[in-house]
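Number of protein chains: 2
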Amino acid sequence: MVEKRTPIQVGEAVKKVMSHSICGKQELVSINESYGRFLSEDLVATSDVPHFNRSPYDGFAIRSVDSAEASLSNPVEFEVVDHIGAGYVSNKEIGEFQAVRIMTGAQMPMNCDAVVMLELAKTSEKNGQPYMSIKRSYKPGDNVSFAGEDAKKGEVLVKRGTKINPGIQAMLATFGYKEVPVAKKPIIGLFATGTELLEVEDELQPGKIRNSNTHMIIAQIERSGAEVKYFGKLPDDFELCYESIESAIEEVDLLITTGGVSVGDFDYLPQIYKKLGADVLFNKVAMRPGSVTTVAHLDGKILFGLSGNPSACYVGFELFARPIIRTMLNCPKPHLRREKAVLEVDFPKANPFTRFVRSKLTITDGKLVAAPSGVDKSNIVMSLAGANSFIILPGGTRGYEAHTIVDVLLLEDHEGSEWPW
Amino acid sequence: MVEKRTPIQVGEAVKKVMSHSICGKQELVSINESYGRFLSEDLVATSDVPHFNRSPYDGFAIRSVDSAEASLSNPVEFEVVDHIGAGYVSNKEIGEFQAVRIMTGAQMPMNCDAVVMLELAKTSEKNGQPYMSIKRSYKPGDNVSFAGEDAKKGEVLVKRGTKINPGIQAMLATFGYKEVPVAKKPIIGLFATGTELLEVEDELQPGKIRNSNTHMIIAQIERSGAEVKYFGKLPDDFELCYESIESAIEEVDLLITTGGVSVGDFDYLPQIYKKLGADVLFNKVAMRPGSVTTVAHLDGKILFGLSGNPSACYVGFELFARPIIRTMLNCPKPHLRREKAVLEVDFPKANPFTRFVRSKLTITDGKLVAAPSGVDKSNIVMSLAGANSFIILPGGTRGYEAHTIVDVLLLEDHEGSEWPW
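Here the protein sequences line up with chains A and B, keeping their order. Residue numbers in the first sequence follow UniProt numbering, run continuously in steps of one, and reach 421 at the last position. Residue numbers in the second sequence follow UniProt numbering, run continuously in steps of one, and reach 421 at the last position.
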């Protein structure tokens, strides 16, 4: 007798998983290692930026009041009493018709309130003393970057849960974050199952294939922002299997197995969940590929039983495991980003269940266009290599025609969706 | 006297840099470390996939000829003579009206040419011997995945220069690439210049700011696929500066300096290039920010003199250094990816030079929409944190109105453009 399983809808299944969301931990890492990590606290301005009034150009700092009468027909001359580069501060008291030669980024001298750009000043010398003259007037504040103009002390500049990009690295340095508070990478345990699996270095043998799921999932885990702990292939023996899983759970935040969750004669995972006393949230989802995806919950840990078919395994990870990982990384939008796209080609296959088609999303004249990235069979690894998205084709249809507007889920994006279902 | 420099157009400047493209090297890395690297050879199928005829379902393998007479009113019975899971091979000789119980992924038994899905077979037992019967006929090949169906031995599956994603990891494993040929990461030397620069851990001082460019560029280098070698801040002394740069060049593939390239009184880079005997390709580009970006060539190495202003520095790296790095990584599309987008807001500022506006690209109803990510001044770090793109506003205009179609360059994308100018 084949076990009858009742499929649940994808959104319902994801909701069940998310209801067991686990709280992530945080840690401090050196700014040199923080690129690509997720902020675990808001990034707050620890000072004004700039923190002093400064010159945005190479030129001459003046008291604007002295320039009031300057015009094309009436140049006004200033005595240049000091000369400072960025990083230096003039300690001269600037008097009437005096100026300081100042370089980009240097602090404005006391009393000065405007900067004349170098190319608008005519320089000269009298008895070894430099002078410059100008032919227009300046208002207070002309060509001055004021303290706090870019950011005010105490302002929240970047929200927690944001992935650190090069611009954020610059901000962290600006505000003195030598140590950066980031989400600790969740540790994701991984087992492969399957008597048919050879290692990557093994010669092919009749009936056996190399284990590709493990390498694929390890990369998916890394892309999601977590860290993998790979325990190897589960032994064929049920008791050993059970013990391996039971002890692995202790060492990880989440546990993923690939294969062994179907209703086949050698699919032991359901029995293992039972013996562990785990609460099986679902063991059949109304989707293709990946309908056998099984998720269970045990003592605050979530066990993901992904299909052994590469594409089903891939989809199962992205739909169910990624959002839990991203939630642990504080992301407010933990799910794959959903957008609309134009279907580029006919997709004549009927869809009794919601179908996730591995697809290549391109942009034509500013519009998203999606096409399947390969033959759509769940055991075909090839279509995954070119996939940067899934086209979602809702169930209960007889196929789709080119130019239909479809929903797509983006795989290489780091924005995410709050809830795409 | 202010030195007069003649600006060249951005495309012309990039072309000059690219004419000095340097050949990248390659190395073999373990498949466990290859995720995110760039293939240095085409990925070729080393075997057929599958490499044997296999069952895509749990079911019974039969000789289709025996099912010819089966119908609803005439069930045909088969003796089940063997039982195999994935990874096992049946060595039974299958005769007339005999079947093998077979699990998903297992190799088809000799003589069998069709699979009956488990749920379509009625199982029974007679004297301890299992039987099954079916009520429809099967054609040769029904429910069989044939050898070579997914990939043929010798086929090129992924081109060199492609960034390795999780799907490609799966393929590498499938084809036994325990060691993966990837482009060696170019080593990018980096110096900061500027008397005003404090370290990230320093307290703020009057007139001084923390060095943000270094941390930003290190992340940009990493994002581009290269590796940084940071030499610290250049000393204030010209001779020491010169010697530091001269010796650093020996150790790296490209050398980047930030700051010191303008025409200010403390900008030493131009003199250093002169003393090194480097061929200055350009020292002024008709763009904002980053017009002072200077690139020089010396003995097969390229020296990038980026502006000290954070935004100018950021743009200079992405436009000029990134494509050289990606070329060394074998990418056929080494430049930032260019797409069309709708400008979301007015941009009233006049553009004497081509302007690269740090911007946030979003998608609305499947269409790209771009808006500036912050105040557009070249010294404003804040706008970089939210930037995932640059809006390109061509020079010689009086500003742009909302809803105009503009070109954008994507920063977080790994596709790239062959030539976006």
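If you are wondering where the hints come from, they were derived from the structure by calculation, not from laboratory data. There could be a bad hint or two in this list.
The list makes no distinction among identical chains, and a pair is therefore deemed to hold if it is satisfied within one copy or across any two copies.
[Stated by the list, open to error] 27 Å max Cα-Cα, derived BS3-like pairs, lysine-lysine:
#, residue 1, residue 2
1, Lys360, Lys340
2, Lys139, Lys92
3, Lys367, Lys163
4, Lys340, Lys275
5, Lys340, Lys163
6, Lys25, Lys152
7, Lys15, Lys367
8, Lys126, Lys15
9, Lys301, Lys152
Quantities reported herein were computed from a predicted structural model and do not represent experimental measurements.
To see whether the hints hold, each was checked on the structure:
no.: 1; hint: Lys360 - Lys340; verdict: both (13 Å within a copy, 18 Å between copies)
no.: 2; hint: Lys139 - Lys92; verdict: within (22 Å within a copy, 98 Å between copies)
no.: 3; hint: Lys367 - Lys163; verdict: both (26 Å within a copy, 24 Å between copies)
no.: 4; hint: Lys340 - Lys275; verdict: neither (44 Å within a copy, 56 Å between copies)
no.: 5; hint: Lys340 - Lys163; verdict: both (24 Å within a copy, 25 Å between copies)
no.: 6; hint: Lys25 - Lys152; verdict: neither (29 Å within a copy, 47 Å between copies)
no.: 7; hint: Lys15 - Lys367; verdict: neither (31 Å within a copy, 29 Å between copies)
no.: 8; hint: Lys126 - Lys15; verdict: neither (81 Å within a copy, 47 Å between copies)
no.: 9; hint: Lys301 - Lys152; verdict: neither (42 Å within a copy, 42 Å between copies)
Violated hints, in rising order: 4, 6, 7, 8 and 9; the structure is consistent with all others.
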